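K.L.:
Residue numbers (numbering that gives the first Met the number 0), protein chains in the order written: chain B, 0 to 83; chain E, 0 to 83; chain D, 0 to 146; chain H, 0 to 146.
FYI, nobody ran anything at the bench for these hints, they're computed from the structure.
Mixed in with the good hints there might be a few duds.
Derived DSS-like pairs: lysine-lysine, alpha-carbon spacing no greater than 25 Å straight-line [unchecked claim]:
| id | chain 1 | residue 1 | chain 2 | residue 2 |
| --- | --- | --- | --- | --- |
| 1 | E | K40 | E | K50 |
| 2 | B | K32 | D | K82 |
| 3 | E | K71 | E | K40 |
| 4 | E | K12 | H | K56 |
| 5 | H | K82 | H | K114 |
| 6 | E | K71 | H | K56 |
| 7 | B | K21 | B | K71 |
| 8 | B | K50 | B | K12 |
| 9 | E | K21 | E | K71 |
| 10 | E | K32 | E | K12 |
| 11 | H | K115 | E | K32 |
| 12 | E | K12 | E | K71 |
| 13 | D | K114 | D | K82 |
| 14 | B | K12 | D | K82 |
| 15 | D | K68 | B | K12 |
| 16 | B | K12 | D | K56 |
| 17 | H | K68 | E | K12 |
| 18 | D | K56 | D | K115 |
| 19 | E | K40 | E | K21 |
| 20 | D | K68 | D | K56 |
| 21 | B | K71 | B | K50 |
| 22 | H | K114 | H | K56 |
| 23 | D | K68 | B | K50 |
| 24 | B | K71 | B | K32 |
| 25 | E | K50 | H | K68 |
| 26 | E | K12 | H | K82 |
| 27 | H | K115 | H | K82 |
| 28 | B | K12 | D | K114 |
| 29 | B | K21 | B | K32 |
| 30 | B | K71 | B | K40 |
| 31 | H | K114 | E | K12 |
| 32 | B | K50 | D | K114 |
| 33 | B | K71 | D | K68 |
| 34 | B | K40 | B | K50 |
| 35 | H | K115 | E | K50 |
Derived CB-CB ranges, DEER-like [stated by the list, open to error]:
| id | chain 1 | residue 1 | chain 2 | residue 2 | range |
| --- | --- | --- | --- | --- | --- |
| 36 | E | S19 | H | T136 | 51 to 59 Å |
| 37 | H | K82 | E | Q16 | 15 to 23 Å |
| 38 | D | A13 | E | S65 | 47 to 55 Å |
| 39 | D | A52 | H | D67 | 21 to 29 Å |
| 40 | H | A84 | D | A13 | 44 to 52 Å |
Every value quoted in this text rests on a predicted model; they were computed, and no experiment measured them.
For glycine and all other residues, C-beta sits at the position ideal for the given N, C-alpha and C.
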Amino acid sequence: MADYQIECYGVFKRLTQVDSLKITMGAEEVQIKELLDELQKQYPEMTDTLKVTACAIGDELLSRESTITPDKTLALIPPVSGGQ
Amino acid sequence: MADYQIECYGVFKRLTQVDSLKITMGAEEVQIKELLDELQKQYPEMTDTLKVTACAIGDELLSRESTITPDKTLALIPPVSGGQ
Amino acid sequence: MSDYLFDTDLDLHALLAETEDESCGALVIFGGAVRVNNEGRTVDSIDYSAHNALAEKTLREVEQETRDKFQVAQCRLVHRIGKLALGELSVLVVVRAGHRPEAFEAARWAIDTVKKRVPIWKEEFYQSGDSEYLEGTPLESKISDRP
Amino acid sequence: MSDYLFDTDLDLHALLAETEDESCGALVIFGGAVRVNNEGRTVDSIDYSAHNALAEKTLREVEQETRDKFQVAQCRLVHRIGKLALGELSVLVVVRAGHRPEAFEAARWAIDTVKKRVPIWKEEFYQSGDSEYLEGTPLESKISDRP
Numbered sequence: 000m001a002d003y004q005i006e007c008y009g010v011f012k013r014l015t016q017v018d019s020l021k022i023t024m025g026a027e028e029v030q031i032k033e034l035l036d037e038l039q040k041q042y043p044e045m046t047d048t049l050k051v052t053a054c055a056i057g058d059e060l061l062s063r064e065s066t067i068t069p070d071k072t073l074a075l076i077p078p079v080s081g082g083q
Numbered sequence: 000m001a002d003y004q005i006e007c008y009g010v011f012k013r014l015t016q017v018d019s020l021k022i023t024m025g026a027e028e029v030q031i032k033e034l035l036d037e038l039q040k041q042y043p044e045m046t047d048t049l050k051v052t053a054c055a056i057g058d059e060l061l062s063r064e065s066t067i068t069p070d071k072t073l074a075l076i077p078p079v080s081g082g083q
Numbered sequence: 000m001s002d003y004l005f006d007t008d009l010d011l012h013a014l015l016a017e018t019e020d021e022s023c024g025a026l027v028i029f030g031g032a033v034r035v036n037n038e039g040r041t042v043d044s045i046d047y048s049a050h051n052a053l054a055e056k057t058l059r060e061v062e063q064e065t066r067d068k069f070q071v072a073q074c075r076l077v078h079r080i081g082k083l084a085l086g087e088l089s090v091l092v093v094v095r096a097g098h099r100p101e102a103f104e105a106a107r108w109a110i111d112t113v114k115k116r117v118p119i120w121k122e123e124f125y126q127s128g129d130s131e132y133l134e135g136t137p138l139e140s141k142i143s144d145r146p
Numbered sequence: 000m001s002d003y004l005f006d007t008d009l010d011l012h013a014l015l016a017e018t019e020d021e022s023c024g025a026l027v028i029f030g031g032a033v034r035v036n037n038e039g040r041t042v043d044s045i046d047y048s049a050h051n052a053l054a055e056k057t058l059r060e061v062e063q064e065t066r067d068k069f070q071v072a073q074c075r076l077v078h079r080i081g082k083l084a085l086g087e088l089s090v091l092v093v094v095r096a097g098h099r100p101e102a103f104e105a106a107r108w109a110i111d112t113v114k115k116r117v118p119i120w121k122e123e124f125y126q127s128g129d130s131e132y133l134e135g136t137p138l139e140s141k142i143s144d145r146p
């Protein structure tokens with residue numbers, strides 16, 4: 000069992016009421032998509048937005064096929080609305 | 000005989016070496032085009048630019064068919080190049 | 000906070016000084032400001048938040064892409080973070096180029112691209128007391144493989 | 000000198016204060032600056048001169064036409080007169096509108112129109128010591144009846 004750290008941005012803060020979440024998975028390395036599937040089960044209110052969400056570790060955007068280990072933090076990047 | 004005042008702008012200052020000119024005409028009211036024809040005779044170096052010059056009295060642009068009297072000053076407006 | 004994100008008033012003067020360039024005859028600036036009306040609601044303020052590291056990196060990338068794509072000499076982009084009152088500037092684009100056509104095109108492309116690619120979010124606060132996160136643009140890269 | 004022509008540095012801050020408008024989400028500014036190279040020659044300075052009365056009237060008209068044509072809330076135009084050094088601003092266009100498409104279009108149209116219609120002339124001074132009045136645009140109205 001391993002704990003994965005997830006950071007919430009934008010509307011995810013409102014949906015979850017927190018800035019970050021912990022998700023426990025059965026492996027020491029998982030695909031991002033597996034983590035998102037688990038997240039969606041635990042937080043069904045995130046479902047719609049997760050469909051249009053990008054994922055980042057540090058300042059790198061990553062494919063959902065990429066893998067992540069528990070020492071990294073996954074940032075959830077919902078649709079952006081900066082600018083004017 | 001009547002004296003008409005003419006103001007030079009832009010390249011006309013360089014062509015004539017003065018800011019204003021006096022042209023003597025035979026009538027107390029003339030068409031602007033008549034004045035320009037006389038000007039062109041006296042200052043042949045203005046010929047090319049006069050072809051693309053607009054005329055103003057005060058802040059009003061005027062047609063060359065308009066008339067002018069000696070109490071007004073005619074401004075010669077060569078092609079403009081303001082802005083950047 | 001950085002050269003790209005600021006939690007205080009955006010400093011147009013500093014950007015103009017930074018981008019001074021005698022080869023440039025054209026300067027185009029775009030500023031985005033908090034508007035009192037949005038989609039029929041009366042806005043009181045907007046709270047901008049960002050993924051700082053990715054936002055800074057992306058702003059730097061968009062600056063470079065703008066210079067390359069439009070062959071303009073100077074492009075700077077800065078964004079405000081935090082709660083902004085009506086009329087305050089949330090974003091500034093400064094472009095300097097030889098001539099005005101490319102300066103206008105570059106500035107327009109830069110702000111359009113900032114809105115599509117930089118991870119910044121706005122929560123609009125209304126006079127009625129409630130607030131809402133505005134709908135945005137999904138980041139295009141990397142989400143084609145959505146579940 | 001007036002609200003339109005200035006023989007001192009153009010004051011962008013004053014224009015921004017003058018045009019503050021909470022209904023506007025978009026600000027677009029265009030500035031024209033003295034460029035070191037023009038048509039292969041090295042420029043030292045530019046001397047701008049105007050027919051003051053007609054230039055002021057025309058700048059006021061172009062402001063109003065810009066607001067009407069693009070339905071933008073604010074448009075201000077100012078022009079510098081006199082001898083300008085490299086990098087100095089000769090003209091400023093400030094437009095504020097609800098959204099950015101019309102703000103960009105309006106600012107672009109305004110500067111293009113200023114260059115075509117406002118009686119201002121530039122004499123370019125070169126490093127080589129000589130100077131030249133630049134070719135310009137004939138004022139369209141009233142000259143169709145040329146001799």
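K.L.:
Indicate, hint by hint, whether the structure satisfies it.
P.N.:
Consistency of the hints with the structure:
1. E/K40 with E/K50: 14 Å, holds
2. B/K32 with D/K82: 34 Å, violated
3. E/K71 with E/K40: Since the Cα atoms of E/K71 and E/K40 sit roughly 21 Å apart, the hinted pair holds (cutoff 25 Å).
4. E/K12 with H/K56: Holds: E/K12 and H/K56 sit about 22 Å apart, inside 25 Å.
5. H/K82 with H/K114: Holds, because 18 Å separates the two Cα atoms, which is no more than 25 Å.
6. E/K71 with H/K56: The given pair, whose Cα atoms are some 19 Å apart, holds under the 25 Å limit.
7. B/K21 with B/K71: Judged against 25 Å, a Cα distance of about 12 Å means the pair holds.
8. B/K50 with B/K12: OK: B/K50 and B/K12 at ~16 Å, within 25 Å.
9. E/K21 with E/K71: Given pair E/K21, E/K71 holds - Cα atoms ~12 Å apart, limit 25 Å.
10. E/K32 with E/K12: Distance of about 20 Å is within 25 Å: holds.
11. H/K115 with E/K32: Status holds; Cα separation ~23 Å.
12. E/K12 with E/K71: The hint holds at about 20 Å.
13. D/K114 with D/K82: Roughly 18 Å separates the two Cα atoms, so the pair holds.
14. B/K12 with D/K82: 16 Å, holds
15. D/K68 with B/K12: 36 Å, violated
16. B/K12 with D/K56: Answer holds: B/K12 to D/K56 is near 22 Å, not above 25 Å.
17. H/K68 with E/K12: Cα-Cα ~36 Å, so violated.
18. D/K56 with D/K115: Distance ~14 Å between D/K56 and D/K115 Cα, so the pair holds.
19. E/K40 with E/K21: 13 Å, holds
20. D/K68 with D/K56: 18 Å, holds
21. B/K71 with B/K50: The given pair, whose Cα atoms are some 22 Å apart, holds under the 25 Å limit.
22. H/K114 with H/K56: Answer holds: H/K114 to H/K56 is near 14 Å, not above 25 Å.
23. D/K68 with B/K50: Distance ~31 Å between D/K68 and B/K50 Cα, so the pair is violated.
24. B/K71 with B/K32: Within the cut-off at roughly 15 Å; holds.
25. E/K50 with H/K68: 31 Å, violated
26. E/K12 with H/K82: Measuring from Cα to Cα gives roughly 16 Å; hence the hint holds.
27. H/K115 with H/K82: 21 Å, holds
28. B/K12 with D/K114: Between B/K12 and D/K114 the Cα gap is close to 20 Å, so the pair holds against 25 Å.
29. B/K21 with B/K32: At roughly 15 Å apart (the allowed maximum being 25 Å), B/K32 and B/K21 satisfy the hint.
30. B/K71 with B/K40: 21 Å, holds
31. H/K114 with E/K12: 20 Å, holds
32. B/K50 with D/K114: Holds, at about 20 Å.
33. B/K71 with D/K68: 35 Å, violated
34. B/K40 with B/K50: 13 Å, holds
35. H/K115 with E/K50: 17 Å, holds
36. E/S19 with H/T136: 51 to 59 Å: 24 Å, violated
37. H/K82 with E/Q16: 15 to 23 Å: Check passed, 19 Å falls within 15 to 23 Å.
38. D/A13 with E/S65: 47 to 55 Å: Once the Cβ atoms are compared, 52 Å apart, the range 47 to 55 Å for E/S65 and D/A13 holds.
39. D/A52 with H/D67: 21 to 29 Å: 46 Å, violated
40. H/A84 with D/A13: 44 to 52 Å: For D/A13 against H/A84, whose Cβ atoms are near 21 Å apart, the range 44 to 52 Å is violated.
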